[in-house]
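For chain D, the structure is supplied; the task is to place chain W on it using the hints.
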Amino acid sequence: MRPYFADLPKTALGAAYWLFAVYLLLPLALMTAMSFKDASFVAFPITDWTLNWYAQVLNDKQFIEASLYSVGIALATTATATVIGVWIALLVSTEGIWGKAIIFALACLPAVVPGLINAISMRIFIRTVDIPTGTAAIILSHAVHAVPFVVIMVLTRLRSMPANLIDAARDLGADPLVAFLRVTIPYLMPALLGGMIFCVLTSIDDFVRTFFLGGYKPTLPMLIFAKVQGGMSPEINAMATIVLIVTAAVGLYAERLTRRSRN
Amino acid sequence: MVDTTTTHARSAKTAPTPRYAGWIGKAVGSGLYRHTIGRLADSRRVRLAMLAGVPLLWIAALHIGPIFQMGRISFMADYPPAPDGGSAYTLANYELFFSDQLYFMPFVRSLIFAAVVTVSTLVLVYPVAYYVAKIVQPKNRMRALLLLLIPFWAGELIRTFSVIMLLANRGAVNVALRELGFIDRPIPMLYTSFSLSFGVIYLLALYMLLPLYSAIEKIPTPLIHAAADLGAGPFQRFRRVILPLSKDGIVSGCSLVYLTSVGVFAAPLLLGGPNTVIFPEVIATLFHSSNDKWPEGAAFAMLLLAVSLSTVGLFMRVIGGRSVRLM
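Protein chains in written order, with my numbering: chain D, 156 to 418; chain W, 12 to 338.
Hint data in this document are derived by calculation from the structure and do not stem from the laboratory. Virtual Cβ for every residue (Gly too), placed ideally from N, Cα, C. Among the hints, a few may not be true.
Result set (SDA-like, lysine to any residue): computed pairs, CA atoms no more than 25 Å apart in a straight line [said to hold, decoys possible]:
1) W:229 with W:239
2) D:382 with W:239
3) D:165 with W:199
4) D:165 with D:176
5) D:255 with W:331
6) W:258 with W:149
7) W:150 with D:171
What the simulated footprint calls covered on chain D by chain W, stretch by stretch (three residues with Cβ under 8 Å from a Cβ of chain W suffice, anywhere in the stretch; the number is not a length) [claimed, not checked]:
8) 180-193
9) 217-230
10) 239-252
11) 279-288
12) 315-321
13) 353-360
14) 386-400
Bound conformation, chain D alone:
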């Protein structure tokens, strides 16, 4: 066999990969390292190490409150977006409906519109229908953003579902609702769990929508943003590291789930 790839390009590509991996991971590693620095200013090099900043963060009432608030919003967002997303996916996958392509395109609209525009139009809209800025507005805007992703994930899974599974259930006497709850939902479960975790993570991470729709109570990103603008301190590094570790763990778990659902 001829050497189809001379070794040079292969090595160069490998180098590109590792450089890219370092590029992606180095800033986060530096941030984590800085959270252990035993001094109140943020600057390299790090000479003394400490865990004090973590103790401080975990005793920070603002941080705990903002985290709980963010998690609450994320759960409400996820519940809303999952119900609506599954509903839309079922509608789009139903046979013999006119205009499915249009419905699908419109269902994906918020994923294509830039986040800022999304946030501003939602702010104008909630003013029009008299929803005050605050928790409800945040949840609604996060859900609008998350729905297209749920739709796409669920549709991908639905496409691999044997077409006659529901028919079989119905022939065996299942009520449509029972067929849906006992056949469709269990089949969708891996995609649903993946989609739900995706919803939780995007909601917890969202800054621009919360910025335009939030009330006075800060969410986690708002708190971090305010602290960063107020000046650097190793406390922010510790805070960010905690959030990073928790969200990355949840994210990796979601990744495993979605991968399993594709197989």
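Below, chain W without anything else, positioned relative to chain D:
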């Protein structure tokens, strides 16, 4: 359980009275359900209405409604409209954009910025995607991809913040360069267009990686080998075989990165300086200063939306990808 034959014709014919276990059975077996939803669902039209009602309502109210309303307000002279009911529509908000460099320049800067970020990301990520999709052994592929996905889960703000650790005057790069004796005083990198582009590429690289990876992975490797057998050199193989076949990935990756970087908001606030004011910041100020600037802000947002969507549309038309895959 109650006999269901009267309300459930279908099951009566084909099977004995169905019994369902647990709460589902209780709900479906209850008279309330059978006499309302159960009976209604026997009609195909009603079933369709139940299936379509909520989704269509949601899409109309929350996907189209807000943008429609934003478009409407962008033509209004005042918002909220004057109390005497005179709803004056005007083009003044759009004229303002063209009459003042203060608005025009950040807009142009935004589009150029997004284009530069998109092209750089494509060039940076393509070899990486190719390496993972075609050179890494299949059993290690997922691990190689996951390593790159970890930062993706860290979130926008934390990653933007971590870039500051790298580029600050006393950040890692400057300290390292000084220790190595290349520089005496730190190079100011933060709050410039460099730090902004660096940060945004850092944020969006994975939006490029995933579509590219899935497109390249689908290219049949024997095709590449065949091209080599027919005498195509590495460059020709890339230009004539690999590149055209990964077009879909390029189109969706570039579209995603372009659309996101046009509207990027938090990163310029943290990484940008006075010389890097881009359009989203301008729009945001119109919404935060006072309410009567809403029509102008809405008009500018509509302009940004229209121009960015049509740029992507044009791009897709020219390059000719089939569709934008989102994930």
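Okay, the hints, checked on the actual structure:
1. W:229 with W:239: 18 Å, holds
2. D:382 with W:239: 56 Å, violated
3. D:165 with W:199: Distance ~36 Å between residue 165 (chain D) and residue 199 (chain W) Cα, so the pair is violated.
4. D:165 with D:176: 17 Å, holds
5. D:255 with W:331: 23 Å, holds
6. W:258 with W:149: Given pair residue 258 (chain W), residue 149 (chain W) holds - Cα atoms ~22 Å apart, limit 25 Å.
7. W:150 with D:171: 20 Å, holds
8. 180-193: holds (count 7)
9. 217-230: violated (count 0)
10. 239-252: Per the Cβ count (7), the hint holds.
11. 279-288: That given contact holds, which follows from 3 residues of the segment 279-288 of chain D lying within Cβ reach (below 8 Å) of chain W.
12. 315-321: That given contact is violated, which follows from only 0 residues of the segment 315-321 of chain D lying within Cβ reach (below 8 Å) of chain W.
13. 353-360: It holds, with 3 qualifying residues against the three required.
14. 386-400: Satisfied; 6 residues make the cut.
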